[in-house]
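In order, the protein sequence lines correspond to chains A and B.
Residue 228 in the numbering used here sits at position 224 of the first sequence, with consecutive numbering throughout.
Residue 182 in the numbering used here sits at position 178 of the second sequence, with consecutive numbering throughout.
Read the hints as simulated data drawn from the structure, not as lab findings.
Worth double-checking, as some hints may not be accurate.
Since the list gives no way to pick out one identical chain from another, each pair is judged satisfied if it fits inside one copy or across any two copies.
Listed next, the in silico DMTMM-like pairs over lysine to aspartate or glutamate satisfying Cα-Cα at most 20 Å (straight line) [said to hold, decoys possible]:
id	residue 1	residue 2
1	Lys60	Asp448
2	Lys72	Glu37
3	Lys269	Asp425
4	Lys269	Asp35
5	Lys72	Glu88
6	Lys72	Asp32
7	Lys218	Asp489
8	Lys311	Glu149
9	Lys316	Asp425
10	Lys373	Glu12
11	Lys101	Glu26
Protein chains: 2
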Amino acid sequence: MPSIQPAELWQESERWNQYGPELLRIQDRHDREFCYGPTHEEVITDLVRREIRSYKQLPINFYQIQTKFRDEIRPRFGVMRAREFSMKDAYSFHTTKESLEETYQVMYDTYSNIFNRLGLEFRAVEADTGSIGGNASHEFHVLAESGEDAIAFSSHGSYAANVELAPTSPTEQCNESPAQALEKIATPNQHSIEEVCKFLNISAQQVAKTLIVKSDNPEEDNPLIALVLRGDHELNAVKAQKLEGVANPLEFASESEIEKSLGCKIGSIGPLQLKCPILIDHAALALTNFACGANQDGFHYQGVNWKRDASKIKEPRSVDLRKIVEGDPSPDGNGTIQIKRGIEVGHIFQLGDKYSQALKASVLGADGKEQIITMGCYGIGVTRVVAAAIEQNFDEQGIIWPSSIAPFDISLIPINLKKSDQVKATCEQMYTDLQNRGLEVLFDDRDQRAGLLFADHELIGTPHRIVVSERGLENSEIEYKGRQDTEAQKIPMTKILDFLQNKITRN
Amino acid sequence: MPSIQPAELWQESERWNQYGPELLRIQDRHDREFCYGPTHEEVITDLVRREIRSYKQLPINFYQIQTKFRDEIRPRFGVMRAREFSMKDAYSFHTTKESLEETYQVMYDTYSNIFNRLGLEFRAVEADTGSIGGNASHEFHVLAESGEDAIAFSSHGSYAANVELAPTSPTEQCNESPAQALEKIATPNQHSIEEVCKFLNISAQQVAKTLIVKSDNPEEDNPLIALVLRGDHELNAVKAQKLEGVANPLEFASESEIEKSLGCKIGSIGPLQLKCPILIDHAALALTNFACGANQDGFHYQGVNWKRDASKIKEPRSVDLRKIVEGDPSPDGNGTIQIKRGIEVGHIFQLGDKYSQALKASVLGADGKEQIITMGCYGIGVTRVVAAAIEQNFDEQGIIWPSSIAPFDISLIPINLKKSDQVKATCEQMYTDLQNRGLEVLFDDRDQRAGLLFADHELIGTPHRIVVSERGLENSEIEYKGRQDTEAQKIPMTKILDFLQNKITRN
């Protein structure tokens, strides 16, 4: 498929406007509009609507390996988040939801097989569908401390989801202590949750914090919405922007907008008597005798109780707003949540009819009627897989390649290549013999001292290393060392080829 | 290397301004300027100036296979001249001209080997260096009637060059007939060479035609230059724009500019008394007793003789301006020129120091002094090779793939696959057996009649076809037909695997 795509297709799917500044927009010499494809749903749907006519031709699945471009605001971590990267992307087309689900499962299993074969420790997790859209999706994450994503796992059971997606449940109110009286307290110059807690000598778990964001209707009298969370919880922006009334993508109100609409500074905002609609996170709603801003600069309430003080709240709704945290009950009811860091290397989607409906991609059904096609899509970040493999497999000396993606199987290192005809002849023979057995050999014929050669090959991370030296040849021995071995071993020359082939086949 | 390249590098080489509208220019979200790489001299030179420090690291040759984009004003002929295409490009770096020439010869031989192995009828020809630049270059052309380029070959000897480049030699004046008197003749409403020749009853070989182009200094009093050719010859724009004083790229003067500067319409322009510098093609200069425009609307001269009438010509220069034609003497002195059509599939260049000088790419030499690197570059149009192979190898039924680039070696076609268990079992066994021998098989398991399957596979162009039918199996035979065979043949089942493997290895 082309990397440069016509704007017309993106206008048909309405993503030309929705995709935002990550879409690199281009004008050609005739001033026609194009973009550098960050993904290819529009292009493949256009091809299919032109070429596929009958239900008999479905299901079908197309793939390519191609360069994509996403104009990241902050490209970073080398190829981990580069603007230009290589992706394997596939798109499947179906007459029914069941057929899509069947192919989706095949792709799920195939991706699992691929990442297993790549030797990576990974997890498939439920995921948000983001700007691609659709009904259901899974991400494949390589687990690594340096990962940009947080993954929620259940301690028991199989639940695993991106923290962006993982839901939290309503919590029972803790009614152990009797209701305190509602009290307004002067909190001069105490703005952040941390400052207020220290000043009032309470924990963040006893505070309701209020964030002000824009509504999805800026034309309204009050274009703002309040989001209330327990003081120690973090807002989950992906959940928030999907809620009715909230602007998508999520946008925080500016300080001046808050002061103008709500009459006080952000540091003293609270849910009671607030002049805008309020969405309260389940955990915040479980609070009793808590503190919050009093909507008056320099004042907070203490001893707030939702039920008693409810009349002071405008249009409250109880919703799921926060990021799940370690120790939360698992959404599937099995055990509690643990969080790990992950690097997203694959993502599969049940798209449904989002693109086929917009682009009017239909086939003639068995009943003779036109029907809209059902779609799935499936991507692997090829470039990022390489970076993720390194993040998961390294030591102080350098890379430790999983054997399936090592650029070479074996480093062949001579000692005194230039001085010893015997070393040279043996190396050249071994180089040929190993290659004839289908093994990939990096023969380092640079005129450098052995220590430097060893260090370079540990840095490069070739899984197996053999050293040919005059001293070894006197004993008819070759030195072998695996990348992760602590000691080298001597292998008789007559056995070295079989020895290496067994090592590499076993992996 | 990246497909999206920073403008800064192209500004350093000065190609940001020189490359023209084929360079797709792009602004990112931060309004920084980039282009979609049409070629990668700047990027690789930037990498090398950062990474290569010493003459000891040279020569070195880097290559990639990547998508390029050239914003062609008229993309056409499918992938033959698409704006987006796949290219194999290599760049070599040297300390001396001799080292470059050595690598250039290796690449020349390698390219020849590649195109031979692809089974293509091709010629390597001397070529213009165009917007890539440098000292010397060769193009590799697949010969085909539909080719966009014209190639000049010598009938004897080895000379071959793109017509754009092939030089023509000065011709002796033919002085057989005595000089006629110079005569001004009214030629009302006769503008084109064809009209004037018909009106005067002479051949185009007896006329000097005058073209008016812009000079390279538009600030001059007279910013135009005249190019004079024999009436039957065509201007070679590539030669013309390299001449001193001529704008590069070549630009024709408009009718109004001509009338304003020269005082008459284009149809009556001629070299005598013309008020701008004049470049005369060697062949035009050999004319005697010829006709030309009289620089007065509706009049031409006849009986013109250069030497006698030279005083009437302003700043004449004798130059090589025309396209070589069939029958011209070969530039290498061996025989005469023949012209064939070619499709350019490869191009190699001795770049010299064009890019390394501009980007200050140097290494420390053996003498301890910094020296500018010498470069070569080498490209194969991967996408176009496929199209060229088809243009050269087809018949009424469809494509005839050269075996080295056929998508599949063998089409395996069952008769009544759905009805005969025996046909099905045999096909599946053969599919496995052939693949185990390393052969690529297209097993057509569609439920369609045999005639349609045969036609589809001839269209696709698979080099070998086998047919499995119940009738054949009764006699323990498989039907075989090569794509270009007129008759199918029966092969005993026991011999079919070896038979096919021999066929395919032989090719």
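Right, here's what the structure says about each hint:
1. Lys60 / Asp448: Between. Shortest inter-copy distance 16 Å satisfies the 20 Å Cα cut-off; intra-copy 56 Å does not.
2. Lys72 / Glu37: both (18 Å within a copy, 19 Å between copies)
3. Lys269 / Asp425: neither (82 Å within a copy, 81 Å between copies)
4. Lys269 / Asp35: Classified as neither; 47 Å inside a copy, 35 Å across copies.
5. Lys72 / Glu88: This pair counts as both: shortest intra-copy Cα distance 6 Å, inter-copy 14 Å.
6. Lys72 / Asp32: Classified as both: same-chain Cα gap 19 Å, cross-chain 15 Å, threshold 20 Å.
7. Lys218 / Asp489: This pair counts as neither: shortest intra-copy Cα distance 58 Å, inter-copy 73 Å.
8. Lys311 / Glu149: neither (43 Å within a copy, 87 Å between copies)
9. Lys316 / Asp425: For Lys316 and Asp425, neither the intra-copy (93 Å) nor the inter-copy (79 Å) Cα distance is at most 20 Å.
10. Lys373 / Glu12: This pair counts as neither: shortest intra-copy Cα distance 28 Å, inter-copy 56 Å.
11. Lys101 / Glu26: So Lys101 and Glu26 fail the 20 Å test inside a copy (31 Å) and across (45 Å) alike.
In summary, the structure is inconsistent with hints 3, 4, 7, 8, 9, 10, 11 from the numbered list given earlier, while agreeing with the others.
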